[in-house]
Each structure stands twice: as C-alpha cells, then as structure tokens.
Amino acid sequence: MSLKGRDILSMRDLSRPEILEILKASRALIPVAEGRRPSRALEGRLLSLAFFEPSTRTRLSFETAAKRLGARTITIVDPAASSMAKGESLSDTVRMLSCYADLIVLRHPNEGASRLAAQLSDKPVINAGDGAGQHPTQTLLDLATMEERFQTLAGLRVVLMGDLRYGRTVHSLAHALGLFGSELTLSSPERLSLPEEVRRDLDQMGAKVTEQPDLEKALRGADVLYVTRIQKERFGDLAEYAKVSGSYRLDPALLRNMKEKFAVMHPLPRVAEIPPEVDRSPHAVYFRQAFLAVPVRMALLSLILTGRVPPGGGR
Amino acid sequence: MPVSKELRITPIRNGTVVDHIPSGLALEVLRILNVEALGRESTISVALHVRSQRMGWKDIVKVENMELSAPKANAIALIAPTATISIIRETKVREKHAVSLPERLVGILRCPNPNCITNQGEPVDSEFEVTRRRPLAVRCVYCERSVEDFVPLLTR
Ligand SMILES: Nc1ncnc2c1ncn2[C@@H]1O[C@H](COP(=O)(O)OP(=O)(O)O)[C@@H](O)[C@H]1O
Ligand SMILES: [Zn+2]
Numbered sequence: 002m003s004l005k006g007r008d009i010l011s012m013r014d015l016s017r018p019e020i021l022e023i024l025k026a027s028r029a030l031i032p033v034a035e036g037r038r039p040s041r042a043l044e045g046r047l048l049s050l051a052f053f054e055p056s057t058r059t060r061l062s063f064e065t066a067a068k069r070l071g072a073r074t075i076t077i078v079d080p081a082a083s084s085m086a087k088g089e090s091l092s093d094t095v096r097m098l099s100c101y102a103d104l105i106v107l108r109h110p111n112e113g114a115s116r117l118a119a120q121l122s123d124k125p126v127i128n129a130g131d132g133a134g135q136h137p138t139q140t141l142l143d144l145a146t147m148e149e150r151f152q153t154l155a156g157l158r159v160v161l162m163g164d165l166r167y168g169r170t171v172h173s174l175a176h177a178l179g180l181f182g183s184e185l186t187l188s189s190p191e192r193l194s195l196p197e198e199v200r201r202d203l204d205q206m207g208a209k210v211t212e213q214p215d216l217e218k219a220l221r222g223a224d225v226l227y228v229t230r231i232q233k234e235r236f237g238d239l240a241e242y243a244k245v246s247g248s249y250r251l252d253p254a255l256l257r258n259m260k261e262k263f264a265v266m267h268p269l270p271r272v273a274e275i276p277p278e279v280d281r282s283p284h285a286v287y288f289r290q291a292f293l294a295v296p297v298r299m300a301l302l303s304l305i306l307t308g309r310v311p312p313g314g315g316r
Numbered sequence: 047m048p049v050s051k052e053l054r055i056t057p058i059r060n061g062t063v064v065d066h067i068p069s070g071l072a073l074e075v076l077r078i079l080n081v082e083a084l085g086r087e088s089t090i091s092v093a094l095h096v097r098s099q100r101m102g103w104k105d106i107v108k109v110e111n112m113e114l115s116a117p118k119a120n121a122i123a124l125i126a127p128t129a130t131i132s133i134i135r136e137t138k139v140r141e142k143h144a145v146s147l148p149e150r151l152v153g154i155l156r157c158p159n160p161n162c163i164t165n166q167g168e169p170v171d172s173e174f175e176v177t178r179r180r181p182l183a184v185r186c187v188y189c190e191r192s193v194e195d196f197v198p199l200l201t202r
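Residue numbers (my numbering), protein chains in the order written: chain A, 2 to 316; chain B, 47 to 202.
Since the hints were made in silico from the structure, they are not lab data.
Mixed in with the good hints there might be a few duds.
[To be verified] Computed list of lysine to any residue pairs in SDA-like fashion (alpha-carbon distance at most 25 Å, straight line):
#1 A:209 to B:191
#2 A:209 to B:177
#3 A:209 to B:142
#4 A:233 to B:142
#5 A:218 to A:190
#6 A:5 to B:187
#7 A:233 to B:99
#8 A:233 to B:161
#9 A:209 to B:192
#10 A:209 to B:185
#11 A:233 to A:277
#12 A:209 to B:183
#13 B:142 to B:57
Just so it is clear, the structure is predicted and the values come from calculations on it, not from any experiment.
Whole structure, please, built from the sequences with the hints as guidance.
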C-alpha cells in the first residue's frame, strides 16, 4: 500500500489503513510544522495551489505545509484575475497546471471538479474543497485531532451539532467516523438534519447513529462535540435563521460536567456557535485542530510526492 | 411463434421489439430509441396498457429496421428494468434477452445537481455508478449525488 502518486479526492477513496498511515505520518511531522525542526524533504518540488473560490485557512495551511518541507508553490487565488474569467474551461486550466507543477491542490465552487481535474491531470490532485461536496483533508485533520486527544479513533462517542445538511465537512467526517466504529449523535434543527443518503450510508456500514436535538441530552457521555456553522445563506427567512442559530449556541455551562478529555471541535471560521468564553476551557480544541491542518497536509504532500515521510520528520 | 393480438396488427420483417415495459413508459422508451431519426420506410408500433401474465399490465414498442445500440439498451434498462429485447430478422425472433445494467453508466443521465461539474459546459460525459440494484440507485461519480428517479434525467 502506498499513497505515492495518488489523488486525494474524497474520503471514500481512502481505506482505514491508509487513513491511519496519514495520521501516523502527520504525528511524525509535528516538530517540523512547529518550526522546531527544519526540513528540506520536498526541496525542488513545485506545487500548484489553484483556489477558484475564496479560502484563507485551507490555502494558507497548504502553503505553510509545502514551505515547511522546502517545496515551492505557484498560486491562483483570484479567479477573476485568471484565465477562467476569460471563459477558459477548468479542463484546460488543469491541463496547463499539470504540465507546470508536480501536484495540484484544487479548491473549486463546483462539486466533482477535483475528480474531473484528476482525470485530466497526469500529476496527483488533492481536493481542497469542491462546492458543497467533499473536503477530505479537512476530515483527515479532524480525525488527527481526535486521535491526538484520545490516542485512538475506535469507539469514540461523537456529537455532531449544527448544520448537518449543507455543512460539507460533516458528511465525510460522519462517514470516516463510521469506518472507525464511532457512536454518532446528531443534534441539529430538523431542517438542517443529515441528508437521507448520508444517513443510509452510515446505516449500511453498521454505524451506531442516534438523533437528539436537545444538546444537553446529546452530550451525556460524549467524548467529542463537533460544532459546525449554521450558514445564513441557507435560510430564506432571516427571522428563522436568527431563531435557529440562537438555539445552536454552545452554552459554556454545559461543559461543566463533561469528562476530562471531552473535546469541543469546530472547523472554523465560527460565528456565534461557540462563545469566546469557551476558548479558555480545557475542552476547547479547535485551535489545536486548526494547527494540525499543517502537519496533516505535510503528511499528504510527502506521502503523495515521495511515498514516505522523512525519517524523524526532518532531513 | 405464439400469435398474439399485437403481433397480428404489426408484424415486422427486421427490427427490434422491446417488450415487458412497465405500463406507462413506452413513450420514454421511444424517446430513448430516438425514432424520429429513422427513415420514413420504418413502421413503429406502440401498444399501451396490454395485459401481461407476468406484470399485470405492460407496454410494447416495436421498431422496424433498427437494432439497439448498447447505450440505448442501457438507458432502457435504467427506466424499465423488466424489459426484454427481441431482435427480429426475416420475421423470426433471432435473439431475445432481458435488459441488463452495467456497473457504470456513461453519458446516459444528466446529473440532477445543477452545481455538478458535469453541468458547467466542461468537455466531460456524465458518469454514474450503480450503488444498489433493487430498487435501483446510482451515484454521480463526480459530485456523489444519488439518483433514484431517472426518467426526467435521460439525456437525448
Ligand atoms: N415478426 C415480428 N414482428 C413483430 N413483433 C414480433 C415478431 N416476432 C416476435 N415479435 C414480438 O417480439 C416479442 C418476443 O417474441 P416471442 O419470443 O415470440 O414472444 P414472447 O416473449 O411473448 O414469448 C413479443 O412481444 C412478440 O410479440
Ligand atoms: Zn453530479
């Protein structure tokens, strides 16, 4: 099993052992990500970061990951300034990038864009988010965060809260957690509940899933609370948005009786779902989660480009 | 050859008979067959709501001077999984088989997700993989959207 030369398009494409290999590589790279140990493992490599949709976090963490390993990057950030604005197809842009760079990281507003890109590119493609579709590297860093905290992914009790319908990170996270035998509790307003087909996919895997809109009840015995943002764009009626988003605000008092290791996670950016008071709580893990984006993406870049992780993380 | 009523009405010399179509879908089958493209010398007959032992009611479509291509047979399998296809040569049934659906369907269905990359004018064929046989469900290999209602999505 090797990830060398592979595309990373959807969590569906990764097996359990492959996921664990990526997480292991990520752990080894933490000192490099923290800047404590320099690395030139990817020196001489050129990566293309093609972002056809605004993104700060994902783009910066890929760029950081590449540069911490000594790779260089070429970047498309503003589609309006690129040839796409002149009506060039994604297909043609990808063909061009694939002859310039050694790997393409693609963020695109249309679902399935990265799968198409991967078919056209003879260099590996990493999906950095395609519309409301997949965002596998986000899921990997979510898993890395849980694994770091609990030393395992097996059998965790995870509460998914907020927008479970449109939140793109939640579907592939739920799928991955199902693979590792987590118990999932879904806590969302009814109109933002997990889509039927995602639910069916979980049932087929034999995952244990329950629904509990009352967060206090949902949190009983939980290891992780994964909060997602409720997007204003999803509501025609702003009054309803205000009502729903108000009710999905994590009350710091709820954290008082949780287990010691209990973790609150959020893919960020947050709006009002997690009040700032929670940041000081030992349960707040979302900034660590944001940091782990870097070693996880370093691990992917190394494994895809070289098939291995530099010994001891550095060279 | 059993002589049935609809056979007496329209015997054909060479062509294709699509039988055991779920009642009500004959016109969709005609659309798939793209019969407008046939020459004026061909007879096309359609029997709607015919008694069937196996299915209660069924539709039948008979098209002269046409043998079915694989993509068309796949499209028929998608909307009418019970259909049987008979190839008639010199008035005799030469081949007869149930339709069958391949694992992957290329260029047959439009993806219902307007935001899917296959709906943006990129030079790419739609592609679906079968995720469940009974009842039939397929998934877009690009955007991963699942589809169970096929008729409105057939490409022409
Ligand atoms: N020469 C023909 N012209 C038109 N239809 C025909 C001809 N021969 C057979 N068919 C039709 O083709 C289908 C398959 O034929 P056959 O195997 O004889 O019948 P069945 O499926 O009813 O046992 C039937 O719908 C039959 O009516
Ligand atoms: Zn699609």
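_For each hint given before, does the structure comply? Return the numbers of the non-compliant ones in rising order._
Result: hints 3, 4, 7 break, sorted rising.
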